[in-house]
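Colleague: Please work from the sequences and hints to get the whole structure.
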Amino acid sequence: MALLEIENLTVEFDTVDGRFRALDGVSYSVDAGEVLAVVGESGSGKSVAMLAVMGLLANNGHLWADKLEFEGYDLLTMSAKKRREIIGKDISMIFQEPIASLNPCFTVGAQIDETLKEHTTMSRGERKTRAIELLDSVGMPESAKALKKYPHQMSGGQCQRVMIAMAIACKPKLLIADEPTTALDVTIQKQILDLLLDLQKESGMGLIMITHDMAVVAETADRVVVQYKGKKMEESDVLSLFESPKNPYTKALLSALPENATGDRLPTVSDFHLGDEGAA
Amino acid sequence: MADDIILEARNLVREYRTKEGIFGKEHVNRALKGISFSLERGKTLAVVGESGCGKSTLARILTLIDPATAGELLIEGNPIDISKEKLSKDMRSKVQIVFQNPYGSLNPRQRVGDVLTEPLMINTTMSPAERRDKAMEMLVKVGLGPEHFNRYPHMFSGGQRQRIAIGRALVLNPSLLILDEPVSALDLSVQAQILNLLADLQDEFNLTYLFISHDLSVVRYIADKVMVMYYGEVVEYGTRDEVFGNPQHEYTQTLFNATPQADIAHIKARLAASH
Ligand SMILES: Nc1ncnc2c1ncn2[C@@H]1O[C@H](COP(=O)(O)OP(=O)(O)OP(=O)(O)O)[C@@H](O)[C@H]1O
Ligand SMILES: Nc1ncnc2c1ncn2[C@@H]1O[C@H](COP(=O)(O)OP(=O)(O)OP(=O)(O)O)[C@@H](O)[C@H]1O
Ligand SMILES: [Mg+2]
Ligand SMILES: [Mg+2]
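Which chain is which? The protein sequence lines are A and B, in order. Heads up: the first sequence runs through residues 1 to 280, numbered per the working numbering. Heads up: the second sequence runs through residues 1 to 275, numbered per the working numbering.
Please note that a few of the clues may not be correct.
[Stated by the list, open to error] Result set (BS3-like, lysine-lysine): computed pairs, CA atoms no more than 30 Å apart in a straight line:
#, chain 1, residue 1, chain 2, residue 2
1, A, K246, B, K268
2, B, K33, A, K145
3, A, K229, A, K171
4, A, K82, A, K128
5, A, K128, B, K43
6, A, K148, A, K89
7, B, K33, B, K94
8, B, K19, A, K145
9, A, K67, A, K231
10, B, K268, A, K173
11, B, K268, A, K251
12, A, K89, A, K67
13, A, K173, A, K81
14, A, K117, B, K25
15, B, K43, B, K33
16, B, K84, A, K229
17, B, K19, B, K84
18, A, K190, A, K251
19, A, K231, B, K268
20, B, K141, A, K251
21, B, K25, A, K128
22, B, K19, A, K117
23, A, K145, B, K25
24, A, K173, A, K89
25, A, K148, B, K33
26, A, K67, A, K82
27, B, K225, A, K190
28, A, K231, B, K141
29, A, K201, B, K94
30, A, K190, B, K25
31, A, K148, B, K19
32, A, K231, A, K145
33, A, K190, B, K268
34, A, K201, A, K89
35, A, K128, A, K145
36, A, K148, A, K231
37, A, K229, B, K134
38, A, K145, A, K190
39, B, K268, A, K148
Because the hints were derived from the structure by calculation, they are not lab data. Predicted model only: the values in this text are computed from it and were never measured.
Modeller: As structure tokens, this is what we get:
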């Protein structure tokens, strides 16, 4: 049984100009101990799919799926109580915009403590020790002092690392990491990727890594899903994707690496004359 | 002809003072420890450095949002001190910033169309129709469409919000643009579109960019000069070819060596090691 199974997931939003379909019948699954990378164009529905799994779609959103299951439990019909037990503990998410998902009114320490209090039986002292240990593991300088800071007193990358620390605090079975290293320089990015891969190996955590950074895909993924305009274009193991990308969008994506620039201009997807289907 | 310097920083220092509780001990964090450099008009300076080394702090000082604790800032040769004098309208539209965190910099109750037309309303004499046209045009240039005009910021993806922030900064035709990780949330293809747009605008209007990024392949593509920061100091400064070809400082070397690889041999090696 897969850890997470998504079958034919569709999400639509109400807008002033009518319904907009953000995700159109996407299916994929991830197993325990596996790293699945999800790549694709900005706005192609990568985050929306994961927010649907977390039950966090905006009010104007509607979803349908043939299957949306975690460890065999149906996430669509699950009771609110059961959902609260799972979300945040067994499934946790590193959100794409860390500073927007941290609470500006509480210190970093208080926010990590809250997560630990809700999902573990640790004592106050144990929680403090664990919080410092977590911040150390994400490379936060002066971790004890950092606990007393508010999010706005931290740099972009420091906030992102707090978010990562919170997401792994309760040793989730499934971690959804939505662009987890966008604000990090390559040295700290490496430290974070190693940390996530260690967790995945040690505890058999499943990891969904949403990223636009093909090098991060190359460094971490077992399998890769490629999305374009709300649809899944391609799914393959990591080596095949780089060696022989099948879909034109994937090819376009790989050739848009700045190091592949020919002359002055970078090739963009429009240079590849893709239709809505991505399959030119 | 002498270099045309649009901005000069002399020994900029920035300290953050935080208190633990009301009576607690004051803690001083020297985020910038005396930074000096100059920006040449029409050129791009890329700034790289470890997370937390002071890049965004510097960006906010250069765009006249926060004052420096000490040091001097000159724009087009004129010293500017925002803690002493009010900024002129002209200066306000001349220097623009794209914030690292687009969500936090967009008003959640303002439609995207208004986000783009508001700066024009405040700073220009354009008619409402002209403003609307200009905003629409900008929306398309950053890869969004007219259908997005009436939507609110929370209705966009991360990368779409980042592009809205870029559009807002460009709409006033600034002469100096500070971009703080402006393409960090964009897939390669949209990133290419934005980088091409920035290059076109630079050619056309002689725009000057200070471009903060941790993505070294982007830096290598876009920069004329590169500045490497480490713990609030500049540790390396030179032309792109100098810095990439022959990095002097240990941190720069560490940085280049840590760059992840996307080539097939590398993937094969990793897969072999894990089985
Ligand atoms: N609440 C909403 N109302 C209307 N449209 C929305 C809403 N939320 C998201 N969308 C739209 O759904 C589409 C998919 O968004 P999503 O955030 O999943 O993109 P993404 O693939 O994560 O992109 P990025 O890489 O830029 O983060 C986008 O076109 C976005 O504008
Ligand atoms: N308002 C503040 N109060 C106290 N300390 C602050 C404040 N803002 C930033 N800092 C600290 O100053 C240092 C520099 O922060 P800055 O945001 O400039 O870093 P950065 O180089 O932009 O990092 P990143 O790449 O992670 O965005 C950090 O150690 C940060 O914690
Ligand atoms: Mg997203
Ligand atoms: Mg920053």
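Colleague: Against each hint, give a clear statement of whether it holds in the structure.
Modeller: Against the structure, the hints come out as follows:
no. : hint            : result
1   : A:K246 - B:K268 : 19 Å, holds
2   : B:K33 - A:K145  : 21 Å, holds
3   : A:K229 - A:K171 : 33 Å, violated
4   : A:K82 - A:K128  : 28 Å, holds
5   : A:K128 - B:K43  : 49 Å, violated
6   : A:K148 - A:K89  : 24 Å, holds
7   : B:K33 - B:K94   : 27 Å, holds
8   : B:K19 - A:K145  : 11 Å, holds
9   : A:K67 - A:K231  : 17 Å, holds
10  : B:K268 - A:K173 : 27 Å, holds
11  : B:K268 - A:K251 : 20 Å, holds
12  : A:K89 - A:K67   : 22 Å, holds
13  : A:K173 - A:K81  : 19 Å, holds
14  : A:K117 - B:K25  : 29 Å, holds
15  : B:K43 - B:K33   : 25 Å, holds
16  : B:K84 - A:K229  : 50 Å, violated
17  : B:K19 - B:K84   : 26 Å, holds
18  : A:K190 - A:K251 : 26 Å, holds
19  : A:K231 - B:K268 : 29 Å, holds
20  : B:K141 - A:K251 : 23 Å, holds
21  : B:K25 - A:K128  : 21 Å, holds
22  : B:K19 - A:K117  : 26 Å, holds
23  : A:K145 - B:K25  : 12 Å, holds
24  : A:K173 - A:K89  : 8 Å, holds
25  : A:K148 - B:K33  : 24 Å, holds
26  : A:K67 - A:K82   : 18 Å, holds
27  : B:K225 - A:K190 : 26 Å, holds
28  : A:K231 - B:K141 : 24 Å, holds
29  : A:K201 - B:K94  : 52 Å, violated
30  : A:K190 - B:K25  : 35 Å, violated
31  : A:K148 - B:K19  : 10 Å, holds
32  : A:K231 - A:K145 : 45 Å, violated
33  : A:K190 - B:K268 : 18 Å, holds
34  : A:K201 - A:K89  : 18 Å, holds
35  : A:K128 - A:K145 : 12 Å, holds
36  : A:K148 - A:K231 : 43 Å, violated
37  : A:K229 - B:K134 : 27 Å, holds
38  : A:K145 - A:K190 : 24 Å, holds
39  : B:K268 - A:K148 : 44 Å, violated
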